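J.: Here are the chains, one letter per residue:
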Amino acid sequence: MAISRRTFLGCLTAALGTTTGVSTIARAASNKQFTGYPDSFGVLHDSTKCIGCRKCEESCNQINELGKPDKPFDDLTVLEERRRTDEAVYTVVNKFGNTFAKTQCNHCQEPACASACFVKAFKKDKTGAVIYDESLCVGCRYCMVACPFNVPAYTYNDPLTPKVTKCTLCHPRIIEGKLPGCVEVCPKEALVFGKRTDLVKLAWKRLSENSDRYIQHVYGEHEMGGTSWLYISGLPFEQIGMREDLGTASAPELTSGALAAVPIVVGLWPVLLTGVYAIAKRKDKIARQEREAAVQEAIGQATDEMNKQLAQLKDKMTKEQQTAVANEVKKALEEAAKKAEEEAQAAREAAEADAGVDESGDADAPEAGKEEE
Amino acid sequence: MDFFTLHDFMTYSKGITYLIMGAILVFMPVYWLYLTDRDD
Amino acid sequence: MDQVKSKEPYNWFTPFNIITAVVLAVGLVLTVMRFTQGIGAVTNLDNNNPWGLWIGFDLLCGVALAAGGFTTSAACYIFGLKRFHSAVRPAILTAFLGYALVVFALHYDVGRPWKLPYPIFVSQGTSSLLFEVGLCVFLYLTVLFIEWTPAAFEWLGFKKLRTVVVRLTLLLTIFGVVLSTLHQSSLGALFMIAPSKLHPLWYSGYLHVYFFISAMFAGLSMVIFEGTLAHRWLHHKMDDTHLAEANGVVLGFGKAASFIMMGYVGIKVIGLAVDNNWHYLSTGWGAWYLVELIGFVLLPAILYSVGAREKNLTFIRIAAVWTVLGIVLNRFNISMVAFNYHLPAADRYFPSLPEIGTTIFIVFVGITAYRVITAKMPILYEHPDYKEEH
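Chains as they are written, first to last, in my numbering: chain A, 25 to 397; chain B, 958 to 997; chain C, -19 to 370.
Warning: the hint list may mix true and false statements.
Derived, one-sided and incomplete: chain C residues facing chain B with beta-carbon distance under 8 Å [to be verified]:
(1) Gln104
(2) Thr106
(3) Leu151
Think about it this way: if two alpha-carbon atoms lie no more than 25 Å apart in a straight line, the pair counts; the simulated BS3-like pairs of lysine-lysine are [unchecked claim]:
(4) Lys217/C with Lys62/C
(5) Lys309/A with Lys62/C
(6) Lys79/A with Lys202/A
(7) Lys187/A with Lys95/C
(8) Lys62/C with Lys305/A
(9) Lys95/A with Lys79/A
(10) Lys202/A with Lys147/A
(11) Lys355/A with Lys340/A
(12) Lys291/C with Lys62/C
(13) Lys235/C with Lys62/C
(14) Lys92/A with Lys79/A
(15) Lys235/C with Lys307/A
(16) Lys307/A with Lys62/C
(17) Lys305/A with Lys235/C
(18) Lys354/A with Lys338/A
(19) Lys354/A with Lys343/A
(20) Lys202/A with Lys219/A
(21) Lys202/A with Lys150/A
(22) Lys95/C with Lys147/A
(23) Lys79/A with Lys119/A
(24) Lys212/A with Lys119/A
Hints are computed from structural coordinates only; laboratory data are not their basis.
The structure displayed is predicted, hence computed values, not measured ones.
For each residue, glycine too, the CB sits at the ideal point set by N, CA and C.
Using the sequences provided together with the hints, build the complete structure.
T.: Structural data, given as structure tokens:
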């Protein structure tokens, strides 16, 4: 079955050439381009062919040994509920009107879970499968936060060995050359397994040949950087429970900006912070020096002032002393002059008194004699 | 080295980057000490 | 003064001690349940909501509110604002306890906690922002521990060891700022991988910048808030330097927080413009967004400014609590309220009582550790032997 399909797809490739089926390219910041593993596999789900028989669910359950479900797989009433994948169910089929949508891990070309995982527990394999390694998993569940399709589940009720669960694309079977369980069992060929590049072309061939039956969109070709699982549908994907607002940027592209900021912070923060520290320290030092200089100057000024005052005082004292001496001398002289005047006066009076007796004679004699008294 | 996915490429290149970051964090303080040890 | 106080008979039966005992007892029961019956037995987490209260509060809020350590030590040792010196030790201690509790809480949240060293020592998922967070939290916890050891060495009387560590202060501070910048921002960047799950008003290419900037004013506000609590309850442990500087710390930090918050409002508006998200503002989500941005960032920033201008410490203290609540609201919005906004109401998450109980338990473990350490070690006062140093 698989072989015949692959042969068919090979012819198809030749027929269509390279005009369609351009795979999404993930770019690093430097415009490095990554197109995913060449020849990786994928599955195309044609929801117009799906009849909601739940055979794929049953096969998946058996291959992955997930235990007996609450309701048997031939009970089709469960299709009416909205179900998602969980720890015991790796794939579910939901009914939307008369259309059935199958959900399982889409095996992204650039898996968000792998990008998010801080212990490399997820790996995109060259077969196209995204494989999970339980032995590394810490159980942070960031992969579940990251997955845009809400696929991974966690065994919350296991206290000792809880783990993430999801579809493996039947990786062990692919390696053995077998088909994934769901593809093999599908009675209506709603699932086609093959190389992803071929599947993209097949999908577009169906869309273009039956443009009235299909929405002209291959879901998974570009969503979140492209997925290994591809979907074509007669109803808008939004109406069959598939989000159309995911965008085409892959998970590593979404986080590359923030991740790129990390090494730059490590490179520049120490430079910046040490610089700020050095400037603050230098400011402190200058402030301290200025303070010290001001103190020195103040001390100097005070000394000068004191000296000046001292000198002034000395000067003043000397001057005062001199003035005092001068005054004394002056006073003495004045007194002396006064005395001389008085004596002269007295002598004159005496002389005038003597003049009656002896006007010509020795006028000084009695005065001198008087003084001697 | 050949990388087929951006994720693999980033895991590798960021791994090297983290090692360089560690080296920078060790080297820069030492270099600062060398640069300033003759300052008074 | 410590010795004098401790000679008085200690009254164990205060209301707060009784509450603490009850919370710790309940927490131990929940711990046993968690580790014997699994995460599912105690939480409302499910496959659509893998992260709940333990990540939204214990990790995101815990780390943001412990940012006081790096902001305070950077202000004092790098920017040379020595008047904040007495605030550094309590801030470092709360940061250390905060981060220790974050790691402690993660043991409850992750599935196999004994593998927590794996990302660093076994298998390095370098493409993951969570790897960056894990590595930085591990390194920063180590840095905070070393920064805290001088207090322990002073208490124990190991003078030589203390001298060695004190000489590393600047180096440790710069490392602390680098590591804090990285993991505070990376915590926000964790959500950049899921643009389809986080409401566009909260999702932004600037998420890492928003987380870093908001962590700065969260840290400053937390220092003010913790200071208020410590003054109320541990006043007798404080020395004159601490008491004399405390008001200056409150005023200075309030002023800084207010200015950073205004800058944050600015870049949030830029975020709206860059992604052209204006039209969402008229929706219910928009109203909630404005409650967060105006009600819990802009208004407390204004209250801070009035407090700083009027030298009104009460205003600043109220603004600090208000801002802390705003940070919690922001982290809750991003990790829980606006996360998975597209899911039908039945698939949305609300924490279970045991989850809330465990979170309260972890907070009380932190408070108890803080009380024990400040009672024994020179945190709120300077050790008499080392008073003259700085």
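J.: Hint by hint, which ones does the structure fall short of?
T.: none
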